[in-house]
Amino acid sequence: MANWIPLWLHKLGSPPTFYRFAGMLRPWAMALALLLGAVALYGGLVLAPADYQQGDAYRIIFIHVPSAEMSMFVYAVMGVASFIALVWRIKLAEVVAMESAPIGAAFTFITLVTGSLWGKPMWGTWWTWDARLTSELVLLFLFLGVIGLFHAFEDRRQGARAAAFLAIIGIINVPIVHFSVNWWNTLHQGSTVNIFGKSKMSWDMLWPLLTMMLATKFYYAASLFNRVRTDLLALEGGKDWVRKIAEDEADR
Amino acid sequence: MSALQTFFTVSGDAAAFLKMGGYAAYVWPAYAVFFIVLIADTVAPRVRRRRVLRELRARLARQQARQDRAGSNSTSTSPSL
Amino acid sequence: MSRPGLLTACIAMLRRDLTLAWRRRGDIAMPVLYALIVTMLFPFALGPEDTLLQRIAGGVVLVTVLLAMLLALDAMFSSDIEDGSLEQLVLAPQPLALMLGMKILAHWITTALPLIVIAPLMAAMLHLPGAVIPVLLLALLLATPLLSLLGAVLVALTAGTRRSGMLLALMLLPLCVPAVIFAAGAVAAAQQGLPWLAPISWLAAALVLAVVLAPLACAAALRIALDA
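Residue numbers (my numbering), protein chains in the order written: chain A, 4 to 255; chain B, 114 to 194; chain C, 6 to 233.
Same shape as in the complex, but just chain A (with noise of 0.2 Å):
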């Protein structure tokens, strides 16, 4: 089929060899999530100054924008995953993508909420209704759909498909409502919300920020080895190598 993979890739798409790459793997990609996190956190909170504008309230960035980030970074990740399973039906792209799902909804959520509160103190509402909000609402909806869909199929291997299917129709649908929703505000001029407005951000502002976006990506990362092996370990349940492991850890 396909010549160009380079050997180690195709291994790593059987599950036994994923399985323990993955475990190697993710007390690494936790440790440096923690201490990322923590050092981001420690520079946003402590070290940064307050915002001449805003006051101490602009700190909700050090989370709001990170998990942005993040809700996009997973949606597109669910997209890649998608396609591969849907094209080459690989079962370790169908974990991902239906596992990343959860992780992304998160991320959404924590966005809106934290966007919200954000937004009461400085902007005098709780909501409104321009392009970037709706479109993250959206992908929250999007989000809850995939999850759904897979949970209403008897058989994973079917529901990951159909709900890949959803994934990538709802990621062409994402900036499509962006698009429609900007146009909207135009008829009804609506309020945008400017995060910044037109300062640029200091470089004490700018590094716990950057910090923060990495240690949410190693903690992406994480969450999803842990989730996709639970997965595979529940997908692969007759073959030998899980019943090992399933009577290893009952010694434990």
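Hints listed in this document are in silico derivations from the structure and should not be mistaken for laboratory results. Just to be clear, a hint being listed does not mean it is correct.
To be verified - The calculated lysine to any residue pairs, modelled on SDA-like cross-linking and capped at a C-alpha distance of 20 Å, are:
1) A:Lys220 - B:Arg175
2) A:Lys242 - B:Leu173
3) A:Lys247 - B:Arg167
4) A:Lys242 - B:Asp154
5) B:Lys132 - A:Pro124
6) A:Lys242 - B:Arg179
7) A:Lys242 - A:Ala25
8) A:Lys220 - B:Ile149
9) A:Lys242 - B:Val165
10) A:Lys220 - B:Tyr144
11) A:Lys247 - B:Arg164
12) A:Lys123 - B:Ala145
13) B:Lys132 - A:Gly122
14) A:Lys242 - B:Ile149
15) A:Lys247 - B:Arg161
16) B:Lys132 - A:Leu44
17) A:Lys94 - A:Gly82
18) A:Lys94 - B:Ala128
19) A:Lys220 - B:Ala157
20) A:Lys242 - B:Gln177
21) A:Lys242 - B:Gln180
22) A:Lys247 - B:Gln180
23) A:Lys123 - B:Arg175
24) B:Lys132 - A:Arg135
25) A:Lys94 - C:Phe47
26) A:Lys247 - B:Arg170
27) A:Lys14 - A:Lys220
28) A:Lys220 - A:Ala53
29) B:Lys132 - A:Leu48
30) B:Lys132 - A:Ala53
31) A:Lys242 - B:Asn186
32) A:Lys247 - B:Arg162
33) A:Lys242 - B:Arg175
34) A:Lys220 - B:Val146
35) A:Lys220 - B:Lys132
36) B:Lys132 - A:Lys242
37) B:Lys132 - A:Gly46
38) A:Lys247 - B:Glu168
39) A:Lys123 - B:Pro142
40) A:Lys247 - B:Arg175
On a predicted model such as this, the values are computed, not experimentally measured, just so you know.
Chains B and C: place on chain A using the hints.
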């Protein structure tokens, strides 16, 4: 600086930190949501993993029991699993 | 026996579905009654003040038609799945996408067209100015097929699963947001005396795209859902 002055400075800083310039009611709930949701996301797969392995072991035990019964009953024609 | 031509097959498919729908013509009345009743609720909920009702009339009619169509979407494939004729269709030599396109057309004729016919009545109940009603009808004429086409893809995905109608709503409504925005935007623009051709053009463009792509996506979705 005397110890007393240091104490007051540090505790004053701590109080100011918690107040977040008056925006505490917004900042701390936001951070709380962040941590609570991500902790839930970390814990849920672990719970599921334990459940999956538990069910798997139970299923293996049932299969084993069936095989033992089939093996001990030498005249039985029941198919082995 | 020679294989029937493509056009013959399409007409046969259309005729079959329309005949089946006509045999259950009581079902055609359901979405219409639902839409009328829901539209009636708004004056009761918001008060009979003319200016308020006028402002919301276009949007309410649009959303109500959308919800009525959502309720009827489930039935697009359900009876065919139950008696196995959908699987026969998948196995048939005719291109599946084209056959599904005909099914979607039949479904639109039996569910959306009646709604479009009573749309002026719903608009009048909410005091929408008479001059705006043609724009409303044009918007509905473009938006409802779009909804049928998108809905068909999603109904195909859930074909034969033990799912609730709520899941379909959760999946479909976010997809409909752009269509609702442009359709309602056109009506609102017309109401304010502003040019309304731009949003209508966007709707038409989306519809053309959907007419070409949705049947193909529907066929792919059906294959995923039916092949265990």
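Taking the hints in turn, this is what the structure says about them:
Between the alpha carbons of A:Lys220 and B:Arg175 the distance comes to roughly 42 Å, so the proposed pair goes past 20 Å and is violated. About 11 Å separates the Cα atoms of A:Lys242 and B:Leu173, which keeps this hinted pair within 20 Å; it holds. The hinted pair formed by A:Lys247 and B:Arg167 meets the criterion: a straight-line CA distance of about 13 Å does not exceed 20 Å. Straight-line distance between C-alpha atoms of A:Lys242 and B:Asp154 comes to about 28 Å, which puts the hinted pair past the 20 Å bound.
Taking the CA atoms of B:Lys132 and A:Pro124, the gap is near 14 Å; set against the 20 Å cutoff, the hint holds. Annotation: proposed proximity of A:Lys242 to B:Arg179 holds, straight-line Cα distance about 18 Å (limit 20 Å). Between A:Lys242 and A:Ala25, the direct Cα distance comes to roughly 19 Å. Compliance with the 20 Å bound is thereby established for this hinted pair. For the proposed pair A:Lys220 and B:Ile149, the alpha carbon gap of about 18 Å is at most 20 Å, so the pair holds.
With a C-alpha separation of about 14 Å, the suggested pair A:Lys242 and B:Val165 falls inside the 20 Å cut-off, and the hint holds. The straight-line distance between the Cα atoms of A:Lys220 and B:Tyr144 is roughly 18 Å, inside the 20 Å bound, and the hint therefore holds. About 16 Å separates the Cα atoms of A:Lys247 and B:Arg164, which keeps this hinted pair within 20 Å; it holds. The straight-line distance between the Cα atoms of A:Lys123 and B:Ala145 is roughly 17 Å, inside the 20 Å bound, and the hint therefore holds.
Simply put, B:Lys132 and A:Gly122 have alpha-carbon atoms about 18 Å apart, close enough for the 20 Å limit, and the pair holds. Our distance criterion of 20 Å between C-alpha atoms is broken by A:Lys242 and B:Ile149, whose separation comes to about 36 Å. Restraint check: the Cα-Cα separation between A:Lys247 and B:Arg161 comes to about 18 Å, which is no more than 20 Å; the hinted pair holds. Under the criterion of a C-alpha separation no larger than 20 Å, the hint pairing B:Lys132 with A:Leu44 is consistent with the structure, at around 16 Å.
A hinted pair counts as satisfied when its Cα atoms are at most 20 Å apart, and A:Lys94 with A:Gly82 qualifies at roughly 15 Å. In summary, the hint linking A:Lys94 to B:Ala128 is not supported, as the alpha carbons are separated by about 53 Å, beyond the 20 Å threshold. Taken as a hint, the A:Lys220 and B:Ala157 pair is honoured in the structure, with Cα atoms around 19 Å apart against an allowance of 20 Å. Taken as a hint, the A:Lys242 and B:Gln177 pair is honoured in the structure, with Cα atoms around 15 Å apart against an allowance of 20 Å.
For the proposed pair A:Lys242 and B:Gln180, the alpha carbon gap of about 17 Å is at most 20 Å, so the pair holds. Under the criterion of a C-alpha separation no larger than 20 Å, the hint pairing A:Lys247 with B:Gln180 is consistent with the structure, at around 18 Å. Restraint check for A:Lys123 and B:Arg175: not satisfied, since their Cα atoms lie roughly 58 Å apart, outside the 20 Å limit. Taking the CA atoms of B:Lys132 and A:Arg135, the gap is near 30 Å; set against the 20 Å cutoff, the hint is violated.
Taken as a hint, the A:Lys94 and C:Phe47 pair is broken in the structure, with Cα atoms around 50 Å apart against an allowance of 20 Å. Our distance criterion of 20 Å between C-alpha atoms is met by A:Lys247 and B:Arg170, whose separation comes to about 10 Å. Of the supplied pair hints, the one linking A:Lys14 and A:Lys220 is violated, its CA atoms being roughly 24 Å apart against a limit of 20 Å. Between A:Lys220 and A:Ala53 the CA atoms are separated by roughly 26 Å; this puts the pair beyond 20 Å, and the hint is violated.
Proposed proximity of B:Lys132 and A:Leu48 is supported: the alpha carbons are some 12 Å apart, at most 20 Å. Between B:Lys132 and A:Ala53 the alpha-carbon distance is near 13 Å, which keeps this suggested pair within the 20 Å criterion. A C-alpha spacing of about 27 Å is found between A:Lys242 and B:Asn186, which places the hinted pair above 20 Å, so the restraint is violated. Between the alpha carbons of A:Lys247 and B:Arg162 the distance comes to roughly 15 Å, so the proposed pair stays at or under 20 Å and holds.
A distance of roughly 16 Å separates the Cα atoms of A:Lys242 and B:Arg175; the hinted pair therefore holds under the 20 Å criterion. The hinted pair formed by A:Lys220 and B:Val146 meets the criterion: a straight-line CA distance of about 18 Å does not exceed 20 Å. For a cut-off of 20 Å, the pair hint linking A:Lys220 to B:Lys132 is broken: about 30 Å separates their Cα positions. At roughly 56 Å between alpha-carbon atoms, B:Lys132 and A:Lys242 are farther apart than 20 Å, so this suggested pair is violated.
For the suggested pair B:Lys132 and A:Gly46, the alpha carbons sit about 17 Å apart, so the restraint of at most 20 Å is met. About 14 Å separates the Cα atoms of A:Lys247 and B:Glu168, which keeps this hinted pair within 20 Å; it holds. Restraint check for A:Lys123 and B:Pro142: satisfied, since their Cα atoms lie roughly 13 Å apart, inside the 20 Å limit. A hinted pair counts as satisfied when its Cα atoms are at most 20 Å apart, and A:Lys247 with B:Arg175 qualifies at roughly 16 Å.
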